[in-house]
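A.B. asks: Mind docking these for me? Both chains are given alone in their own frames, and the hints should help you get the complex.
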Amino acid sequence: MSKPTGWSGNVCELKMNQSEFIPLTLITGFLGSGKTTIIKKLLQCEELSKTAVIINEFGEIGLDHHFIETSDEDLVELSTGCLCCVMRGDLQEAIARLLKKREEGWSFDRIILETTGMADPAPIIQSLVLDKISTPKVMLDRVLVTVDSVTGLKSISEFEECSRQVAFADILLLTKTDLVDNVEGPLEKELMRINNNAGIFKSDFGIIDLKLVLGGYKRQTITFTENEIDKHPHSHSHSDIMSVSLYFEKPIHAVTLTLFLELLAEVLGSDLIRLKGFVYIKEASETPAVVHGVQHIFHPIAWHQSWPYEKKETQLVLIGRNISLPWVRAILETIEEEVEEITRQNEN
Amino acid sequence: MTPGRFATIISGTLKAWGVEDQCVLKTENFSCLITLNSNVFVEIVYEEQPFGSIWRLREKDQKESVHPSVGAALKSLALILCPNRQVGRVMFAN
Numbered sequence: 006m007s008k009p010t011g012w013s014g015n016v017c018e019l020k021m022n023q024s025e026f027i028p029l030t031l032i033t034g035f036l037g038s039g040k041t042t043i044i045k046k047l048l049q050c051e052e053l054s055k056t057a058v059i060i061n062e063f064g065e066i067g068l069d070h071h072f073i074e075t076s077d078e079d080l081v082e083l084s085t086g087c088l089c090c091v092m093r094g095d096l097q098e099a100i101a102r103l104l105k106k107r108e109e110g111w112s113f114d115r116i117i118l119e120t121t122g123m124a125d126p127a128p129i130i131q132s133l134v135l136d137k138i139s140t141p142k143v144m145l146d147r148v149l150v151t152v153d154s155v156t157g158l159k160s161i162s163e164f165e166e167c168s169r170q171v172a173f174a175d176i177l178l179l180t181k182t183d184l185v186d187n188v189e190g191p192l193e194k195e196l197m198r199i200n201n202n203a204g205i206f207k208s209d210f211g212i213i214d215l216k217l218v219l220g221g222y223k224r225q226t227i228t229f230t231e232n233e234i235d236k237h238p239h240s241h242s243h244s245d246i247m248s249v250s251l252y253f254e255k256p257i258h259a260v261t262l263t264l265f266l267e268l269l270a271e272v273l274g275s276d277l278i279r280l281k282g283f284v285y286i287k288e289a290s291e292t293p294a295v296v297h298g299v300q301h302i303f304h305p306i307a308w309h310q311s312w313p314y315e316k317k318e319t320q321l322v323l324i325g326r327n328i329s330l331p332w333v334r335a336i337l338e339t340i341e342e343e344v345e346e347i348t349r350q351n352e353n
Numbered sequence: 000m001t002p003g004r005f006a007t008i009i010s011g012t013l014k015a016w017g018v019e020d021q022c023v024l025k026t027e028n029f030s031c032l033i034t035l036n037s038n039v040f041v042e043i044v045y046e047e048q049p050f051g052s053i054w055r056l057r058e059k060d061q062k063e064s065v066h067p068s069v070g071a072a073l074k075s076l077a078l079i080l081c082p083n084r085q086v087g088r089v090m091f092a093n
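Chains V and Z, in that order, are what the protein sequence lines are.
Throughout the first sequence, residue numbering follows this note's numbering, covering 6 to 353 in sequence.
Throughout the second sequence, residue numbering follows this note's numbering, covering 0 to 93 in sequence.
With the rest of the complex left out, here is chain Z (with noise of 0.2 Å):
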């Protein structure tokens, strides 16, 4: 992971969710902090452990959550920013 693929990762997924616009986005290093509508605040940040890789969120005033995988941390940070938000689900069909 590199600061610069952080980022990426972090504004090229508000973008697909379409939220782009209502954010702002403050980052730096492995952190950034995501202000939703002057009203939801989310701070991101990234650590590699000796364990392995973690993605902590934090939502204000809400507790710490941490996950192993940005795919896990993904799907949390969804929750927040667009609870309503239709997700598709892999599906292998012959």
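Next up, chain V with everything else stripped away, as it sits in the complex (with noise of 0.2 Å):
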């Protein structure tokens, strides 16, 4: 196998100073952890305000996208598939356009990628290092990942997946340390355990220290090389994790989310891993409610400032293991009957 430009046996000593090269950041963490909620902090930095973005989601219903707010033309979404699996292909050629649209005049100087909650680095790593399409210009600057100081923990204990993404980090971000006391505990021991070259730092409700970024911050070595990335297996099943795309045109009431939540929190227990989209409320529908859930934990229903598609419509995405699309139906079309019944008869 060829080596690429500046290629030295080690992803993290490519030299970023030649400046032919577009630098590219991946970040990758397991699910809900928090990624997409940094790369929208990022991106409203004035440093970062020329970057492409390309998002790679899992799941029939691509929303990580609508939470980013930047224009369509700097962001790539790559849906329905994962890019450690099976589309990889579409990542090279995601680059490739991106590359295409630059020398047409469209000026970016750096690309965020962001990969699924599910994805194993490895084979990503692999594309962005050693492809041809993208490496004439394109560098892996490094690699972030999100870990939940809240389930990140168990997340490692129990999903390979997680335990990989901190095993091919540079930069461990611990998301959410406002929820807990101890951060410095168990969980930063477990990450130095698996991968003690990263540097661990805390992002404070999605900001971080831009350095982390764009370079700067006092830099560890990291040690896999291309043998190493080479041996991990290329293909892999995400075990019994799947994920669910719930479509629901009628407006519920506000209530009856709630009930909802609870009654899937109640059924699945830790099934459920991950939880998130658009909700159609009846007392609000002119824009939808942001549901957020990362196993049992929910961030404060919010609202999304307009419709981010025609139709107004519940949008879920449920992953996890053990869950039934037409019972998540059933459930809440239940929920909601039963809500409305209530309502009726209390106007009676």
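Hints in this document: simulated from the structure, not taken from any laboratory.
Any given hint could turn out to be false.
[To be verified] Subject to a maximum C-alpha distance of 35 Å in a straight line, what follows is the list of computed DSBU-like cross-link-like pairs (lysine-lysine):
hint : chain 1 : residue 1 : chain 2 : residue 2
1    : V       : K287      : V       : K255
2    : V       : K255      : Z       : K14
3    : V       : K207      : V       : K45
4    : V       : K287      : V       : K105
5    : V       : K255      : Z       : K25
6    : Z       : K74       : V       : K159
7    : V       : K106      : V       : K159
8    : V       : K287      : V       : K316
9    : V       : K106      : V       : K45
10   : V       : K45       : V       : K159
11   : V       : K159      : V       : K216
12   : V       : K46       : V       : K106
13   : Z       : K14       : V       : K317
14   : V       : K105      : V       : K316
15   : V       : K46       : V       : K159
16   : Z       : K14       : V       : K316
17   : V       : K46       : V       : K142
18   : V       : K55       : V       : K317
19   : V       : K142      : V       : K105
20   : V       : K287      : Z       : K62
21   : Z       : K14       : V       : K159
22   : Z       : K74       : V       : K317
23   : V       : K316      : V       : K207
24   : Z       : K25       : Z       : K62
25   : V       : K46       : V       : K287
26   : V       : K105      : V       : K45
27   : Z       : K74       : V       : K255
28   : V       : K45       : V       : K255
29   : V       : K287      : Z       : K14
30   : V       : K207      : V       : K159
In this text, all values refer to a predicted model and were calculated from it rather than measured experimentally.
C.D. replies: See the structure below:
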């Protein structure tokens, strides 16, 4: 296998002072660990105003791109597959498209690639480093991995994908640190056990030191080599984790949403890994409610500025185990009927 | 509620709890009988009454319990079929 220009056997040793290279920051991290939030905050910084974003989503409904406020031109969405399994060719094409646009005059000086929460970084890194299409001009700069301070330890112990993400990090970003008392405790020890070369930093509500992206922080050496990348398996199953995408046309009462989330948590327990999406609320139909949940912990319901798609409807993605879409729909329909019935009785 | 949706709720719940393979499920209209490992028998009946819908649960040789919502009914059913299963509690965090 031929080495790309600048290859020195160590990804992070690729030299950044070669101006012809466009640095690519790979942001990965387990489901719901805060990747999109961090990217959203990063893109608000002047220093990153010329940044192209590639988002890879796992699930039929691609939603993350709606949460990132940037122009459509600056963003490429790769959905319905996981980059590390089936879409590496798509990534190369996406980068090639970006490069072509750049040649045509669209100016960007950096690429951020957000993977799915279930991605194994190894084949993606391999693709980025060794791919002949992109490597002449695009260079993997660093791998940022978000780790949820609340659920990270459990995710690492239960999901190989999560521990592999940690293993490939240049920088580990602890998120949701405000929700735990002792971040420096067992989680940090476990992270260091898996990858003691990565710098561990905290994000403050999605805000991180720009140096972690642009360079200039106290660098620690990454240790994997070309051979180590190659030996990782290129195909794997995402075990029994799956995503289901719920579309629901009718608006629901606000209380239905709360009861629905409670019932999902009650029945699915820790098998519900992630829930996110937009909800069409009857009492506030002008804008959708935004729902974000990681296992049983949910962000407070927020309101999106406007409907991100033409049709007003609920669109939810649930990721976890043993979740049946007809069941989710049946539960939502039934709770809404119960609430509707009570509302009607109260009115009478 | 339709009989189909009723059956979906019961079967989907058993799948979520991981006991689907251990159960024999007989569903007819708005009632079903669940037999778990040939020794636990639970009958579930959904009814629409003038005051609202109700869910009746009756374990063999036990007193019937009546629930006003699907959530309450499934919580009660969990105590019978998988009492040791850990449940989640929704927490909203800033």
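A.B. asks: Look at each hint and say if it fits the structure.
C.D. replies: Right, here's what the structure says about each hint:
| no. | hint | verdict |
| --- | --- | --- |
| 1 | V/K287 x V/K255 | holds, 8 Å |
| 2 | V/K255 x Z/K14 | holds, 27 Å |
| 3 | V/K207 x V/K45 | holds, 16 Å |
| 4 | V/K287 x V/K105 | violated, 45 Å |
| 5 | V/K255 x Z/K25 | holds, 31 Å |
| 6 | Z/K74 x V/K159 | holds, 25 Å |
| 7 | V/K106 x V/K159 | violated, 42 Å |
| 8 | V/K287 x V/K316 | holds, 15 Å |
| 9 | V/K106 x V/K45 | holds, 23 Å |
| 10 | V/K45 x V/K159 | holds, 26 Å |
| 11 | V/K159 x V/K216 | holds, 29 Å |
| 12 | V/K46 x V/K106 | holds, 25 Å |
| 13 | Z/K14 x V/K317 | holds, 31 Å |
| 14 | V/K105 x V/K316 | holds, 33 Å |
| 15 | V/K46 x V/K159 | holds, 27 Å |
| 16 | Z/K14 x V/K316 | holds, 32 Å |
| 17 | V/K46 x V/K142 | holds, 26 Å |
| 18 | V/K55 x V/K317 | holds, 32 Å |
| 19 | V/K142 x V/K105 | holds, 11 Å |
| 20 | V/K287 x Z/K62 | violated, 39 Å |
| 21 | Z/K14 x V/K159 | holds, 23 Å |
| 22 | Z/K74 x V/K317 | holds, 32 Å |
| 23 | V/K316 x V/K207 | violated, 38 Å |
| 24 | Z/K25 x Z/K62 | holds, 21 Å |
| 25 | V/K46 x V/K287 | holds, 31 Å |
| 26 | V/K105 x V/K45 | holds, 25 Å |
| 27 | Z/K74 x V/K255 | holds, 26 Å |
| 28 | V/K45 x V/K255 | holds, 30 Å |
| 29 | V/K287 x Z/K14 | holds, 31 Å |
| 30 | V/K207 x V/K159 | holds, 19 Å |
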